[in-house]
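Throw the hints in and build the complete structure from the sequences for me.
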Amino acid sequence: MKTLEIIEPEKRAVSGENVIQLPFGLLGFETVKNYVLLSNPGEEPFMWLQMLDGTHQSFLVVSPFLVSPEYQPDIATEDTGFLGLSSPADALVVNIVTLRGGGQATVNLKGPIVINRHTLIGKQVIPNNVAEFTLRHPLPVA
Amino acid sequence: MLILSRKAGESIVIDGRIVVKIVRVEGDMIKLGIDAPADVPVHRQEVYEEIQKNNREALNQSRPKLPRLSANKPPPKSPAAAAPVAAAAPVKPKAGIPTTRK
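These protein sequences, in sequence, are chains E and G.
Using this note's numbering, the first residue of the first sequence is number 1, and each one after it goes up by one.
Using this note's numbering, the first residue of the second sequence is number 143, and each one after it goes up by one.
The hints are all genuine.
Derived DEER-like restraints, expressed as beta-carbon distance ranges:
hint, chain 1, residue 1, chain 2, residue 2, range
1, G, Ile-172, E, Gly-103, 44 to 54 Å
2, E, Gly-84, G, Glu-168, 34 to 44 Å
3, E, Thr-55, G, Tyr-190, 17 to 27 Å
4, G, Gln-187, E, Gly-84, 19 to 29 Å
For lysine-lysine, the following DSS-like pairs were computed, each having C-alpha atoms within a straight-line distance of at most 30 Å:
hint, chain 1, residue 1, chain 2, residue 2
5, G, Lys-173, G, Lys-149
6, G, Lys-195, G, Lys-207
7, G, Lys-163, G, Lys-149
8, E, Lys-33, G, Lys-195
9, G, Lys-207, E, Lys-33
10, G, Lys-173, G, Lys-195
Worth flagging that the hints you see were computed from the coordinates, not collected in a lab.
Ideal Cβ placement from N, Cα and C applies to all residues, glycine included.
Encoded structure:
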């Protein structure tokens with residue numbers, strides 16, 4: 001079963017249509033630039049940001065606004081310019097979740113991944129107001 | 143490490159395309175202005191390193207069982223089947239890229 005889940009997205013991504021390009025990679029993973037974003041039934045609101053480098057490794061991500069409704073990252077003009085964002089509606093924002101064991105999980109609010117919905121080009125940015133956010137925001141798990 | 147002395151208002155040029163300017167010196171705090179092309183990422187080292195470390199910890203080799211978020215949070219609006227990309231991810235339109243400032 002697991003194999004099916006993993007292979008499918010890669011097939012879908014072969015067309016190139018749904019590939020998210022992170023020209024800078026993610027911090028610490030600068031060489032991996034192509035990803036696909038997947039959501040599986042029953043796993044909402046979580047999504048998987050899966051590397052398209054053949055390793056099948058992935059990051060668990062979530063919309064930060066679901067876990068921290070007041071979240072307001074102040075994105076540097078250099079970054080909005082690089083991503084070609086002219087309005088907030090153009091941006092898809094996801095943040096990386098770390099599973100901590102024992103059912104606990106935290107989300108990194110310091111380094112959101114901002115993706116242009118139209119071009120599917122994204123970047124893990126460090127907001128101007130990064131000092132307001134925590135690296136390990138606890139998720140309210142049931 | 144190359145060590146240079148500079149005064150406020152003076153700059154150094156790196157590789158002919160990156161300019162680092164000493165904007166102001168206030169006690170033990172130095173304000174730097176950095177002009178670099180868009181393809182040169184510039185970060186504060188300590189923030190950069192902690193996000194890098196967090197990313198490494200967060201990487202999943204497989205798909206583990208996920209925790210369920212507790213009920214006091216709004217339920218996800220969309221998606222049904224494994225829908226790639228843009229259609230997924232409910233994002234509040236008003237949030238995300240609020241204001242931009244230098």
